[in-house]
Amino acid sequence: MSLKKKGLSLYLLLVAAGAVHAETVFVTLEKDNALAVVDPVEGKLIKTVPVGQRPRGIAISPDNKFLYVAASDDNAIKIIDAGTLKEIGKLPSGEDPETFALNPKGDRLYVSNEDDSMVTVIDVAKKKAIKQIKVGVEPEGITVSPDNHWLVSASETTNMVHWIDTKTNVVVENTLVDPRPRAVSFTADSQQLWVTSEMAGTVMILDAKTKKIIKTIKIEISGVTADKIQPVGVVIDKERNRGYVALGPANRVAVINAKTLEVEKVLLVGQRVWNLAFSPDQKRLYTTNGTSNDISIIDLDSQTVTKSVGVGNYPWGVAVKP
Amino acid sequence: MPSINIGFRIIVAVLFIIPLISVNLVYAKAKQAINIAYLTQEQNAPPPVSNLDVFIKNKGVIGAELGIDDDNTTGEFTGQHFNLKKIIVPLDGNFVDTFNKELAGKFEYVVINLPSEQVNQLADLPAAKQMLLFDVATSDDALRNGQCRSNVLHLLPSRAMRADALAQYMMKKRWDKWFLVVGPNQEDRLFADAIKRAAKRFGMNIVAEKTWEHTYDSRRTAQSDVAVFTQTDDDYDVLVVADEQGQFGEYLDYRTWIPRPVIGTQGLIATAWHRTHEQWGAVQIQNRFKEKAGRWMEEQDYAAYLAVRAIGEAATRTGSNEIKQVKDYILSDAFALQGYKGNPLSFRSWDGQLRQPVLLAAPRSLVAVAPIEGFLHPKTELDTLGYDQPESQCKWDK
Numbered sequence: 206m207s208l209k210k211k212g213l214s215l216y217l218l219l220v221a222a223g224a225v226h227a228e229t230v231f232v233t234l235e236k237d238n239a240l241a242v243v244d245p246v247e248g249k250l251i252k253t254v255p256v257g258q259r260p261r262g263i264a265i266s267p268d269n270k271f272l273y274v275a276a277s278d279d280n281a282i283k284i285i286d287a288g289t290l291k292e293i294g295k296l297p298s299g300e301d302p303e304t305f306a307l308n309p310k311g312d313r314l315y316v317s318n319e320d321d322s323m324v325t326v327i328d329v330a331k332k333k334a335i336k337q338i339k340v341g342v343e344p345e346g347i348t349v350s351p352d353n354h355w356l357v358s359a360s361e362t363t364n365m366v367h368w369i370d371t372k373t374n375v376v377v378e379n380t381l382v383d384p385r386p387r388a389v390s391f392t393a394d395s396q397q398l399w400v401t402s403e404m405a406g407t408v409m410i411l412d413a414k415t416k417k418i419i420k421t422i423k424i425e426i427s428g429v430t431a432d433k434i435q436p437v438g439v440v441i442d443k444e445r446n447r448g449y450v451a452l453g454p455a456n457r458v459a460v461i462n463a464k465t466l467e468v469e470k471v472l473l474v475g476q477r478v479w480n481l482a483f484s485p486d487q488k489r490l491y492t493t494n495g496t497s498n499d500i501s502i503i504d505l506d507s508q509t510v511t512k513s514v515g516v517g518n519y520p521w522g523v524a525v526k527p
Numbered sequence: 003m004p005s006i007n008i009g010f011r012i013i014v015a016v017l018f019i020i021p022l023i024s025v026n027l028v029y030a031k032a033k034q035a036i037n038i039a040y041l042t043q044e045q046n047a048p049p050p051v052s053n054l055d056v057f058i059k060n061k062g063v064i065g066a067e068l069g070i071d072d073d074n075t076t077g078e079f080t081g082q083h084f085n086l087k088k089i090i091v092p093l094d095g096n097f098v099d100t101f102n103k104e105l106a107g108k109f110e111y112v113v114i115n116l117p118s119e120q121v122n123q124l125a126d127l128p129a130a131k132q133m134l135l136f137d138v139a140t141s142d143d144a145l146r147n148g149q150c151r152s153n154v155l156h157l158l159p160s161r162a163m164r165a166d167a168l169a170q171y172m173m174k175k176r177w178d179k180w181f182l183v184v185g186p187n188q189e190d191r192l193f194a195d196a197i198k199r200a201a202k203r204f205g206m207n208i209v210a211e212k213t214w215e216h217t218y219d220s221r222r223t224a225q226s227d228v229a230v231f232t233q234t235d236d237d238y239d240v241l242v243v244a245d246e247q248g249q250f251g252e253y254l255d256y257r258t259w260i261p262r263p264v265i266g267t268q269g270l271i272a273t274a275w276h277r278t279h280e281q282w283g284a285v286q287i288q289n290r291f292k293e294k295a296g297r298w299m300e301e302q303d304y305a306a307y308l309a310v311r312a313i314g315e316a317a318t319r320t321g322s323n324e325i326k327q328v329k330d331y332i333l334s335d336a337f338a339l340q341g342y343k344g345n346p347l348s349f350r351s352w353d354g355q356l357r358q359p360v361l362l363a364a365p366r367s368l369v370a371v372a373p374i375e376g377f378l379h380p381k382t383e384l385d386t387l388g389y390d391q392p393e394s395q396c397k398w399d400k
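In order, the protein sequence lines correspond to chains A and B. Here my numbering is used: the first residue of the first sequence is 206, the next is one more, and so on. Here my numbering is used: the first residue of the second sequence is 3, the next is one more, and so on.
Hint data in this document are derived by calculation from the structure and do not stem from the laboratory. Each hint should be verified, as a subset may be incorrect.
[Claimed, not checked] Once the Cα atoms are required to be at most 25 Å apart in a straight line, the calculated SDA-like pairs of lysine to any residue come out as:
id: 1; chain 1: A; residue 1: K236; chain 2: B; residue 2: A363
id: 2; chain 1: A; residue 1: K416; chain 2: B; residue 2: Q82
id: 3; chain 1: B; residue 1: K212; chain 2: B; residue 2: Y253
id: 4; chain 1: A; residue 1: K420; chain 2: B; residue 2: R319
id: 5; chain 1: A; residue 1: K417; chain 2: B; residue 2: F79
id: 6; chain 1: B; residue 1: K174; chain 2: A; residue 2: T496
id: 7; chain 1: B; residue 1: K33; chain 2: A; residue 2: E378
id: 8; chain 1: A; residue 1: K236; chain 2: B; residue 2: A370
id: 9; chain 1: A; residue 1: K423; chain 2: B; residue 2: R319
id: 10; chain 1: B; residue 1: K292; chain 2: A; residue 2: E300
id: 11; chain 1: A; residue 1: K433; chain 2: B; residue 2: L378
id: 12; chain 1: A; residue 1: K423; chain 2: B; residue 2: D330
id: 13; chain 1: A; residue 1: K433; chain 2: B; residue 2: Q288
id: 14; chain 1: A; residue 1: K433; chain 2: B; residue 2: G344
[Claimed, not checked] The following label-pair restraints were derived from C-beta to C-beta distances:
id: 15; chain 1: B; residue 1: N85; chain 2: A; residue 2: E469; range: 44 to 54 Å
id: 16; chain 1: A; residue 1: P255; chain 2: B; residue 2: N85; range: 49 to 59 Å
id: 17; chain 1: A; residue 1: L473; chain 2: B; residue 2: L378; range: 15 to 25 Å
Every value quoted in this text rests on a predicted model; they were computed, and no experiment measured them. From the three backbone atoms N, C-alpha and C, an ideal C-beta is built for every residue, glycine too.
Only chain B is shown next, with the shape it has when bound in the complex (with noise of 0.2 Å):
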């Protein structure tokens, strides 16, 4: 009897395994699935200035579905397929948790959309440990200096590229004096410190530098604030603005006290992607987007395209969806991914940021495109832009 049950347990095996693994390996053949995720939060939309820019709620995603439709079309001709899993935690929801429950030991390679201070709170999880994370919102220079993961990446330019970007052109034109305005809250303060940084590197002289309160004194008008608010006993070139938020950065323009440009957040400003931008194939994706979206690419859509984009990018160089391979040819040298910004860009192996050209746009042109010529660096000129390997602050044991 014990004979026959072992062999009728072959035979089972046999009949029931063999077309498993056969099945198996035809689907290996045909398919190596690489699983994203995306995970946001929903935001509370910010009391509109104007009703010209109406608030975007899906900023980030559609740059996403973007990015995972150029990776599938790669992959139909390299045998991968891409997935995306989309998360949005609710307004009260608890994004801890969520990424606990959805994504740990489900997802690698998690794209997220979410405010500065989450980042790290996610970025320490236990699961998140064998992740690669992939910051798409945040500009912040703390996050890729001192408190920077070693499993977090990040798309968007520091605070300090931007001024970087701003200040080579001001120097350009040799606005040096510059009166700094800075709103009330602790991001108009982190950009005013990165305008600081970048006008001691490049020579600016900042002049004057005031705080704009925000009250509710009925006497204030912009027309009569602005024009007393921008009165300096120093004479200036240029006014900079910081005020992320945009709450009132757009009404200095053409109200000041005497006539000049406004730089910074409002104005002039220094970003990674803007609806100006038309070169190095530009059109071509500001088109695809806008098809898909049904509006203008914003920068976290830019971001998160880019984030997808690199996934796919070293998951075909590397033919591979392991973690390790992935990670390790996106930073290599060996890795360039097509940004529709003249240059190859890549990642800085120091901290994490992806090295990029700044777009200096105002609301109806392209003005100008840093590094600005000139400003030269020995190993490419893009790394002029932000903290340099030497100047970084960024220790990846943490």
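Okay, chain A solo, but in the shape it has when bound (with noise of 0.2 Å):
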């Protein structure tokens, strides 16, 4: 009797720790005008706040303390306060924002202007534009390199990735890619950048220092057919163990053991999935997708779908407070 209250009492220390240390997961729906709150221990959907028209990107300050809205047909990025989601600014964005970076200091965020070939460069704290930079046609995927060295910019239609120089704003190299690169992640350590190929079904991983390919890994599923596998979204773990890659609507997520630069395995997850996401201990991945309206929670120890929540129309992009 004792023993099983004092299993119960510990039970409920457990659940109260978890409730301490348990994060928020923000998701866009693209089609719902709207930003979903959710509570991915729980699994549960907390709420969803109206954050403006047709928000995609979404990024989150080091400090926890922001959160950055691509609001497409806004033409804006808005800022939110991350505790009481309330609108309290807008950066200028240009033209239909749909995918931006943020540095790690926090302090420039970099904007792809698809559009017009160009990407913004957006002093955060003067909340103003001080450069636009020339790329290919059609840049979507946008990253900093952890060490802030490199501005990366993927353009879709030139099949490129564009290498900027953070001090000076510059292109400085350009590395030709497999047709339709969408998204780019580099590792923890900066070394790689990691390139996905909508078209070509690949993820290429590049040398930050040679700008060069290293390795391109088809992926391969069977039952699918090539045309359905378009790889979307990547991350890559701290440790650079393993890179996690959205399939699109092959529906799946491709495990990539990072050491090997092989495909481990694939998780069936929700229909069209977009972006990805970590939590902030690495145990668990958000996917959100886009024509299912959830999000999927992925246990990376065991490597299994655990949950799917279901969040709003179009669900795209997601970021995660501690």
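Mind docking these for me? Both chains are given alone in their own frames, and the hints should help you get the complex.
This is the structure we're talking about:
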């Protein structure tokens, strides 16, 4: 009896501890003009709040105080208080912002202006655009290396990644990649850049020093035609053990061994999976599933999909607050 | 004296040739030029059915211009420069003469926006043998089969691909009893042939077929005429119309004897491009095109865009402007062109047809994109549309 009680109180303690450490997941809902707030441990949608017209890209400031949301049809990036979820300001993004990247310090934000073939550099503190950099046609994927040396922009129609020096904001090198590159992501040590190609169904690993492709991984899944395998979002864990790639209409996430650079397995998630984000402890991975209107939660220890949470229409981007 | 002369010559040679060589080297390093010609002929405006759709004179050329812009954005980073020479033959001009005068020996890549009967007239000219022609206007199945030429690539879907796309969707909807209405023109009969082939392929049943006649009888009105015309002994699920010039097809909807949807060249149409298409980044190119042209992108614009982009993609990937390398790459398995329709586009090695999804569009709504889910193919589902390799009658040696 007492043992049982002890067990129960221990359980309660764990739950309470869990609640303290549990993070909040924010998901932009492209067709609801809203932001979904999810408790991923409970696996529950807490609420949705309005956030502007056609929200897509989302990021959280390094101090976790602000959310930045690209409201594409408002032609602005909204600054949202991550606690109250109230809009507290706007950044001038140029037309139709979709994807953007925040530098590690959080004082520069870089926006892809798809229609103008430009990357806009924004001074976050001054809320001002300070430079426009000409890149290839239809820039989409954009990221800053964790060491803040490189800003990388991928242009979908030019089929290139452009390496921009963050000190000078000048393109210093270009790497030709497979057709329609979508997402770009650096490893935590800034040594590798991973690039997904939607058309070729590949993930390319680039060496950040030479700017050359070290390996091209062609993703193949038995029973799924090559046309359906359209790699989009990509993230790599801090230890560089594994990388994860969202495969769009193949409705799967590929798990890639980051040492051997081979596909280890594929996990079935929701439909048209686009973007990915780790939990702060990197024990879970969250996926936005565009056409099944949910997010999938993947437990990374067991490498299994544990839950899916319905969030709203066309979940697009995802950010996590510890 | 002779020795002085020789010495003088050498000095002259050194003084003049060396700078020329070095300039050339610098130039070659800076930019590699890829020259593309765009050839079209003025067309007579067809009689308008309504004032809604104005006749567009410059279909195609703005697509080519947008393609050059995109190629050159890439070229800025790769040291290549793409030039577009536009040649528009007047209505009463001779396109063969123009071709021989303006293009022969000067261009290797030629985008042609010409009626189907002119395509092989050009392709068979001696000067065209060293060229690669990009047909951005025809849907003719014969040009892709028995009449195919190894120096011609076709950018728009063939009639067979369009009819197959419609048939796949009809099969999915189980609307398998068709009433076929054919216009009086040769093109209408060719479209009807493609419809019949598709019906056979996908197990559709053509329960009735009638030919629409144009007369000047003042007793005929759309309201009375269509109702009478569309009466048949057998019930049908859809009215399939073959009217490529749009002379009567628009009158059918809402005027049939029994309520049935209209598909084919009017109503639900099968097309390479449509203003309702927004997926897979299509919004971006729709916006960019509209900004440039002040109108929506038409099929020929899309085809010309893709033709110029295909040359650009091959030149970039091979780092070459040599026709052999570019053509080999375009026809290789490695070639993958982004066409804003989800799947990568490529050319069928057996007939030069661009392999692509076909849009099924209503005037204000994109209904489906073929190949329709569930139609399978061992290589790529895109080859469920049109003439697959085993069926092709194209022999490249012609």
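Hint-by-hint comparison with the structure:
1. K236(A) to A363(B): holds (22 Å)
2. K416(A) to Q82(B): holds (20 Å)
3. K212(B) to Y253(B): Roughly 15 Å separates the two Cα atoms, so the pair holds.
4. K420(A) to R319(B): holds (17 Å)
5. K417(A) to F79(B): holds (15 Å)
6. K174(B) to T496(A): Holds, at about 21 Å.
7. K33(B) to E378(A): The hint holds at about 17 Å.
8. K236(A) to A370(B): The given pair, whose Cα atoms are some 20 Å apart, holds under the 25 Å limit.
9. K423(A) to R319(B): Distance ~18 Å between K423(A) and R319(B) Cα, so the pair holds.
10. K292(B) to E300(A): holds (15 Å)
11. K433(A) to L378(B): holds (13 Å)
12. K423(A) to D330(B): holds (23 Å)
13. K433(A) to Q288(B): Roughly 24 Å between the alpha carbons, so the hint for K433(A) and Q288(B) holds.
14. K433(A) to G344(B): holds (9 Å)
15. N85(B) to E469(A): 44 to 54 Å: holds (48 Å)
16. P255(A) to N85(B): 49 to 59 Å: holds (50 Å)
17. L473(A) to L378(B): 15 to 25 Å: Given about 20 Å between the Cβ atoms, the range holds.
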